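Undergrad: Chains as they are written, first to last, in numbering that gives the first Met the number 0: chain A, 0 to 247; chain B, 0 to 492; chain C, 0 to 258.
Source of the hints: derived by calculation from the structure; they are not laboratory data.
As the structure is a prediction and not an experimental result, all values here were calculated from the model.
Hints may be right or wrong, so weigh each one.
[To be verified] Here are the simulated DMTMM-like cross-link-like pairs (lysine to aspartate or glutamate), alpha carbons at most 25 Å apart as the crow flies:
#, chain 1, residue 1, chain 2, residue 2
1, A, LYS66, C, GLU195
2, B, LYS36, C, GLU195
3, C, LYS47, A, GLU24
[As the list claims (entries may be wrong)] Here are the in silico distance ranges between beta carbons for each label pair:
#, chain 1, residue 1, chain 2, residue 2, range
4, C, ARG23, B, ILE3, 34 to 42 Å
5, A, SER91, B, ILE3, 15 to 23 Å
6, A, SER91, C, PHE200, 34 to 42 Å
7, C, THR191, B, THR113, 19 to 27 Å
8, B, ASP396, C, HIS177, 29 to 37 Å
[Claimed, not checked] If you only want the chain A side, here are some residues facing chain C, beta carbon under 7 Å, derived:
#, residue
9, PHE10
10, ILE47
11, LEU49
12, ASP53
13, THR65
14, ARG76
15, LYS77
16, ALA87
17, PHE89
18, PRO101
19, MET108
20, GLU110
Where a beta carbon is used, it is the ideal one built from N, C-alpha and C, also for glycine.
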Amino acid sequence: MIQIIDIHKSFGRQKVLDGVDLDIEAGKTTVIIGRSGGGKSVLLKHIIGLLKPDRGQILVEGVDITKLNDRDLNEIRKKFGMLFQEAALFDSMTVGDNVAFPLREHARMSEAEIREIVADRLRAVGLSGVEAKMPSELSGGMRKRVGLARAIAMRPRIVLFDEPTTGLDPVMTEAINQLIIDTQRNYDLTCVVISHDIQSIFRIGHRIAMLYEGKIVASGTPDEIRASQNPVVRQFLSGSIEGPIKII
Amino acid sequence: MFSISSEAKVGLFVLIGMIILAYMSFQVGQRGFTFKKGYLVEVQFDNASGLAPDASVQIAGVEVGRVEAIRLKDGKALVTLRLPREIKLEKDVTAAIKTHGILGDKYVEIIPGTAGKEALQPGERIERVERQADVDRLLNQLAAIAEDVKAVTGSLSKVMGGKEGVDTLGAILENTRQLTRNLNMVVKSNEANLRAMLENTRELTGNLNRIVVQNDEKVGQVIDNLKTASKEMEKTFAALSEITATVKGGEGTLGQLIKDRQMAERLSKTMASLQEVSDKINSGRGTIGKLVNDEETVNNLNQSLSGLNRYINKTEQFRTYIGYRGEYLLDKSDAKSYVDLRIQSRQDYFYLLGLAVDPRGRRTERESTTNNVTTRTEEWDKQGLLFNAQLGKRFKDFVVRGGIMESSGGVGVDFLTFKDRLKLTFEAFDFSRDRKTHLKTGGELRIFKNIYLNAGWDDFISDQGNSSPYVGISIRFEDEDLKYLMGSVPVPK
Amino acid sequence: MNFVLGAVDYVGRAVLHSVEEAGRIFQLFLSVLAWLVRPPLRLRPIFKQMEFVGVRSIFVVVLTGTFTGMVLALQTYHGFRMFSAESMVGATVALSMTRELGPVLTALMVTARAGSAMAAELGTMRVTEQIDALYVMAANPVKYLIVPRMVASVVMLPFLTIVSDFVGVVGGYFVGVHLLRINSGIFMKNITKIVELDDIFNGLIKAAFFGLILSLIGCYKGFNTTGGAEGVGRATTEAVVLASVMILISDYFLTALMF
Numbered sequence: 000m001i002q003i004i005d006i007h008k009s010f011g012r013q014k015v016l017d018g019v020d021l022d023i024e025a026g027k028t029t030v031i032i033g034r035s036g037g038g039k040s041v042l043l044k045h046i047i048g049l050l051k052p053d054r055g056q057i058l059v060e061g062v063d064i065t066k067l068n069d070r071d072l073n074e075i076r077k078k079f080g081m082l083f084q085e086a087a088l089f090d091s092m093t094v095g096d097n098v099a100f101p102l103r104e105h106a107r108m109s110e111a112e113i114r115e116i117v118a119d120r121l122r123a124v125g126l127s128g129v130e131a132k133m134p135s136e137l138s139g140g141m142r143k144r145v146g147l148a149r150a151i152a153m154r155p156r157i158v159l160f161d162e163p164t165t166g167l168d169p170v171m172t173e174a175i176n177q178l179i180i181d182t183q184r185n186y187d188l189t190c191v192v193i194s195h196d197i198q199s200i201f202r203i204g205h206r207i208a209m210l211y212e213g214k215i216v217a218s219g220t221p222d223e224i225r226a227s228q229n230p231v232v233r234q235f236l237s238g239s240i241e242g243p244i245k246i247i
Numbered sequence: 000m001f002s003i004s005s006e007a008k009v010g011l012f013v014l015i016g017m018i019i020l021a022y023m024s025f026q027v028g029q030r031g032f033t034f035k036k037g038y039l040v041e042v043q044f045d046n047a048s049g050l051a052p053d054a055s056v057q058i059a060g061v062e063v064g065r066v067e068a069i070r071l072k073d074g075k076a077l078v079t080l081r082l083p084r085e086i087k088l089e090k091d092v093t094a095a096i097k098t099h100g101i102l103g104d105k106y107v108e109i110i111p112g113t114a115g116k117e118a119l120q121p122g123e124r125i126e127r128v129e130r131q132a133d134v135d136r137l138l139n140q141l142a143a144i145a146e147d148v149k150a151v152t153g154s155l156s157k158v159m160g161g162k163e164g165v166d167t168l169g170a171i172l173e174n175t176r177q178l179t180r181n182l183n184m185v186v187k188s189n190e191a192n193l194r195a196m197l198e199n200t201r202e203l204t205g206n207l208n209r210i211v212v213q214n215d216e217k218v219g220q221v222i223d224n225l226k227t228a229s230k231e232m233e234k235t236f237a238a239l240s241e242i243t244a245t246v247k248g249g250e251g252t253l254g255q256l257i258k259d260r261q262m263a264e265r266l267s268k269t270m271a272s273l274q275e276v277s278d279k280i281n282s283g284r285g286t287i288g289k290l291v292n293d294e295e296t297v298n299n300l301n302q303s304l305s306g307l308n309r310y311i312n313k314t315e316q317f318r319t320y321i322g323y324r325g326e327y328l329l330d331k332s333d334a335k336s337y338v339d340l341r342i343q344s345r346q347d348y349f350y351l352l353g354l355a356v357d358p359r360g361r362r363t364e365r366e367s368t369t370n371n372v373t374t375r376t377e378e379w380d381k382q383g384l385l386f387n388a389q390l391g392k393r394f395k396d397f398v399v400r401g402g403i404m405e406s407s408g409g410v411g412v413d414f415l416t417f418k419d420r421l422k423l424t425f426e427a428f429d430f431s432r433d434r435k436t437h438l439k440t441g442g443e444l445r446i447f448k449n450i451y452l453n454a455g456w457d458d459f460i461s462d463q464g465n466s467s468p469y470v471g472i473s474i475r476f477e478d479e480d481l482k483y484l485m486g487s488v489p490v491p492k
Numbered sequence: 000m001n002f003v004l005g006a007v008d009y010v011g012r013a014v015l016h017s018v019e020e021a022g023r024i025f026q027l028f029l030s031v032l033a034w035l036v037r038p039p040l041r042l043r044p045i046f047k048q049m050e051f052v053g054v055r056s057i058f059v060v061v062l063t064g065t066f067t068g069m070v071l072a073l074q075t076y077h078g079f080r081m082f083s084a085e086s087m088v089g090a091t092v093a094l095s096m097t098r099e100l101g102p103v104l105t106a107l108m109v110t111a112r113a114g115s116a117m118a119a120e121l122g123t124m125r126v127t128e129q130i131d132a133l134y135v136m137a138a139n140p141v142k143y144l145i146v147p148r149m150v151a152s153v154v155m156l157p158f159l160t161i162v163s164d165f166v167g168v169v170g171g172y173f174v175g176v177h178l179l180r181i182n183s184g185i186f187m188k189n190i191t192k193i194v195e196l197d198d199i200f201n202g203l204i205k206a207a208f209f210g211l212i213l214s215l216i217g218c219y220k221g222f223n224t225t226g227g228a229e230g231v232g233r234a235t236t237e238a239v240v241l242a243s244v245m246i247l248i249s250d251y252f253l254t255a256l257m258f
């Protein structure tokens, strides 16, 4: 579905991605793990074309999105949905308008149809009847769910999750994880999740990839990762301060 | 909650902004929308300089319209005015271009015509145009008049001038001198009587004056008649001009008479006889002599005059002044002399009659082109004897006078100050085409009762080299003064 | 020696930075123009911004305009009295308001009110990834966020300015006629005589330019915010300072060009 081939990216003198290679399979949930600030979000933004790599290719269904112009890129983006870390709901709009935003932008639909879809997506994330609320009136977990509803409003093929459970209490974390699993299954999505929450990784991931110092150091099924002998992976999973991961 | 949509708020704000903008634009804008309505009328001006499209059209200082367009048509400015329908103009309105404001904007003033007259229709033309005070035009007209006067005086001058004329005049003057000397002697020997007579005469004239004043209306009629007469004068002048031209050519009886040497001799003889008569009178010979010398007669005469005076008593001054003025032209080393008789019929109204002797005349340079050859001629108007006949009126400190000045049409203004001790004068005359107008300015300062000092500049814009400063002295007597003078001046016996 | 090199380096960087920034602002302006003409043009966000920039600024603009007109009348009166030219106070107030103070003060007030808000709003959207979200949803943030703000500013500034002009003259009239006892007829007559239509319209054209400047700089600073809440604060401050300075500088050139 998505092939990431030898991606390099630097910000100034800081090398963030140093030759990332990763295949993301269709209809599966791929979790990318790694340290905070280790380049996971940067990689995610490359996948959706918000950032352009210094070198390398990203093929989405065979199309190299790093070479596309804005218009063609927008066409590709319509296949994507994305849940941002803080949900990135538009403060100036109601929840309903937020969810309806991509529909109004791209789909030629009547207002009634749009309203119906919005209600459906909110029901899917378990938040029926909050259309009239403003994002600031919602809790963090609710915002994330609204964000997810917005991400799946256009029925995308691929949904990207940027640390979906960060900053949530364990109950809400579990709820979100379950939501991701259900949504993936119900809408037959290809999901890419970046996270450093070990429990969640194994709960939701079909495949797991470890990003360390700008490279994918390990990838495989949750069992494979659990059994990995890679010292970085082992240290990361155990949460030990002893190991190759430098603590700066 | 009731809420107004953003669109409505913005729309309302934009509307308010538009209204304010329109209001301000209308206030300061030169082009108002209201005047686009209404109708158009035309008016033709000789000169529309300074008038701009959109200039104001006013009636009695109230703006009623705007100037729509200004075009040139047949060498004149055709101005189109836009007026609102409710402003109706009579057919006989007058249009004029006037100036107002600090910046001197020109505008069109419409002076209303006869009320109730037919209204001017759209597209029609205002026929009456008040011309701007155009000095050039005025001067041209005056020059035309002066030309006629000059022709007359020129002819007269030629008759009087010349060797024969001078001789004749000389003889006349000599005789007159002898006559006056004899008269003087008569006066001397009958001084007391004459004084009494003059006294009575004065009272008489005074009373006569009163009568005149009391009968102002009738006098007015007389003046009206005079006006009619003066109109006839112009014709007479023309005729006179013709006659004198004829006279000059020695044609006609009068011509022959004057040209004739015998005539002069005859005149001289007449004068001589007159002298003889006066001599006789003086020595008490003949009837008049006896009368004059007879004490009784004189007494009777005095009584009669006294009676007359009593009959018409109170005095309203009808003043008469007689004066001499001599001006020495510094640059020309020549002198001009003036003898004036001024009759002041009212406090602020006078007639001035007089003679001026200008030994120099005015020089004129003339250029004429004939067959591509330009000839330059220099001409001297040696008219010698010049005439003054003026009418004047005083307004507070100003005196405006006009009429004939130095044998040509002219106007003058005097400004009197320091209780009339100082008089500043400006005169303009001789508006002839081939030289610049004769302008003269100067001052007159009274140093004693009847003696004045003069100074000024004569013909100061002359382009013919006639310009010169002058200094002079003048002597002026009132009729009252004359009386005393006659009595007191020692007369040689 | 190092100190000297450091200074040179600092100056060089600063110059390079400002040149680069000017280039980016201009680039943003071009892309705004490009997005402006690319359909569809959504009116609703434009009206929303018009309400924010225009309608909600009326109060502050009326307040500043009125008091500016009043103080102008007061100050010029004392100056003109020396020449016995009190009758020109009205014309001076009106001319100053229409040509200079109306547009400039309005632009500065709107910069402080709306320009700063634009920077803060867009800055917040940037740091909370709302702008990224727009990209992800294939909605161009320039078209969606910046075009309405700039259109609203360019359209609303002239209207605010005409209000400012008007209340300024009214304020001047109040002080001149009611407090300083200048003859009201002469006051108005001199205004209508000396102020021309061009004075008003050139002032309005200026105002539209100022609207462009303040919205462009406000949006630019907000759009390129980095560094969280602190970055938003910095972007807001920079936007207000830069926009105010640019308004005053461009005012000189516009004046030189127009009058």
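Undergrad: Now, for every hint given, state plainly whether the structure supports it.
TA: Okay, the hints, checked on the actual structure:
no. : hint                              : verdict
1   : LYS66(A) / GLU195(C)              : violated, 57 Å
2   : LYS36(B) / GLU195(C)              : holds, 23 Å
3   : LYS47(C) / GLU24(A)               : violated, 44 Å
4   : ARG23(C) / ILE3(B): 34 to 42 Å    : holds, 38 Å
5   : SER91(A) / ILE3(B): 15 to 23 Å    : holds, 18 Å
6   : SER91(A) / PHE200(C): 34 to 42 Å  : holds, 35 Å
7   : THR191(C) / THR113(B): 19 to 27 Å : violated, 35 Å
8   : ASP396(B) / HIS177(C): 29 to 37 Å : violated, 45 Å
9   : PHE10                             : violated, 11 Å
10  : ILE47                             : holds, 6 Å
11  : LEU49                             : holds, 6 Å
12  : ASP53                             : violated, 19 Å
13  : THR65                             : violated, 15 Å
14  : ARG76                             : holds, 4 Å
15  : LYS77                             : holds, 6 Å
16  : ALA87                             : holds, 4 Å
17  : PHE89                             : holds, 6 Å
18  : PRO101                            : holds, 4 Å
19  : MET108                            : violated, 15 Å
20  : GLU110                            : violated, 13 Å
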